[in-house]
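Fit chain L to the given chain G structure using the hints.
Protein chains: 2
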Amino acid sequence: MTRQQLVEQIYKKKSYLCVGLDTDISKIPRHLLSEPDPVFTFNKAIIDATKDLCVSYKINTAFYEALGVKGWEAMERTVRYLGEEHFKIADAKRGDIGNTSDLYAKAFFETMPFDAITVAPYMGEDSVRPFLQHKNKWAIVLGLTSNKGANDFELKQMIVRQTTETTREEIKDSNEDAGYRIDEVTIDTNYVSFLYEQVLSTASKWGTTGNLMFVIGATQANEFTNIRKLTPDHFYLVPGVGAQGGSLKEISEKAMIKDCGILVNVSRAIIYASGKNDFAEKAREAAKAYQQEMNSYLK
Amino acid sequence: MTRQQLVEQIYKKKSYLCVGLDTDISKIPRHLLSEPDPVFTFNKAIIDATKDLCVSYKINTAFYEALGVKGWEAMERTVRYLGEEHFKIADAKRGDIGNTSDLYAKAFFETMPFDAITVAPYMGEDSVRPFLQHKNKWAIVLGLTSNKGANDFELKQMIVRQTTETTREEIKDSNEDAGYRIDEVTIDTNYVSFLYEQVLSTASKWGTTGNLMFVIGATQANEFTNIRKLTPDHFYLVPGVGAQGGSLKEISEKAMIKDCGILVNVSRAIIYASGKNDFAEKAREAAKAYQQEMNSYLK
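Top to bottom, those sequences are chains G and L.
Reminder that position 194 of the first sequence reads as 193 in numbering that gives the first Met the number 0, one-by-one numbering, no gaps.
Reminder that position 108 of the second sequence reads as 107 in numbering that gives the first Met the number 0, one-by-one numbering, no gaps.
Derived by calculation from the structure, the hints in this document are not laboratory data.
The reader is advised that the hints may include incorrect statements.
Only some residues are given here: those of chain L computed to face chain G with a beta carbon under 7 Å [what the hints assert, rightly or not]:
(1) 37
(2) 62
(3) 147
(4) 152
Here are a few chain L residues that sit away from chain G, every Cβ distance over 10 Å (derived from the structure) [as the list claims (entries may be wrong)]:
(5) 4
(6) 64
(7) 100
(8) 105
(9) 163
(10) 210
(11) 248
(12) 272
(13) 279
(14) 280
C-beta atoms are modelled at their ideal positions from N, C-alpha and C, and glycine is treated no differently.
The following block holds chain G by itself, in its conformation from the complex:
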């Protein structure tokens, strides 16, 4: 999916909601457990009940892998069921040396028809670049995450050396023999920034605003204004609204740009809105409330 197609969906549906299919077999209504594929049956009901209210679905791969082969089958069935209208995110936090990331990209972009995958930046450029080589597919790089552990490294200060090279023209005295030249002047400046800021400014050069997004946790609202300055045109995938406590209003005010530029994910507060037979209906009500709030913020 291209950025233009995603933005069209957002303004058509007046929604930048991503529904997180963190489907935990121990939390879905018990009457579904007698189905041959309870996870897919649950997902299908949630999707049917919410698809006109959201522009994206995010599949958290851990929940499927925990079930082994059956879980992987449920994930494949779910992403194929979603079709072309929604932006399909594999929340997989992958990333490895180049030849291995190539295969993760193949797994999620070719073997399965996801539009995007979340990627961990620790191993640097060659671990992320393979995800940027697939046409109309996206890498969503971890920037500043919503969890407490963000303080351990992401919010630690780094020293950044910026080298500015200035080429000056030849300077000549009126006496030609006395001429001298300064070809190049290099100025080194050291400054301090958070690791996550370095990740944003470095990783944003690896791709474009049309194939690279960042994960920015909704619980990090204090940093949103700064983050928008560093990456003024990138889309953000924003988890942490709902169960984790982030404010939809605050992040929308601070991070929204002229073509929206944010996808806000809600998982548990929608898919587990009810644990009974009415789970799909209640999920729709919860999604509808988010969509209506989003409609009031969309410019």
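What follows is chain L alone, placed relative to chain G:
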């Protein structure tokens, strides 16, 4: 597997070799493609040919996920075939918020019988800790990786603030009314270190030397002496020997400790030693050469 059991295997086999099952269906001998499960058939032949020469097998999950459900099935069959004698590593580079990492741990430690999983540290403590809650299971945290991208963040300098709190006793003048007290003195010191050094020193406190290892790339030999100073007792999983060019001799000299403390992984140079019918025999020869060299370094 406990550390003691792993070390016993190392001295019994005179080997600290880990064979990497990076099984790529496009690289295995063509005559295997007519088998119902070519990846497992290949792995089984490699395992049968090398099991007395190595103490560990490492399954790179990307190669299996690229094949979808069939690949996940081949991974499950392979790890179950390995049995109890070998240290079974899922090279999966996982890591997410706590409730999600919990499910990755379940996937690899309960649904499948791996002994260890590689974990990315970017998201901090709560993303790693769930992998340390399973008895006799290990988290192998990325420290300094073997790829070029290690320069992007891992080898960037950070500012570390160390706070030392000193409690002093009450100091009293001979005249009791003139008494004064200093309860606590806090001293802040700033120093500079690489990000990967911070990961080693911080993450080593999350677990023990009996449930946490680090990934240290063999191509980073210049840093090995420093790394051993920072983490004198931890085991390292060392990829990058073989196709990536790291020196087995150099890393063994610099990183080996009294109970060995290193597992050296070789993937392509063993499993693709031949692309023909004799692939298992040639894999054995390659593994044997590594084992014999390791025997000469083992103290």
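Looking back at the numbered hints, which does the structure fail to meet, lowest number first? Checked against the structure, the hints that fail are numbers 1, 6, 7, 8, while the rest are satisfied.
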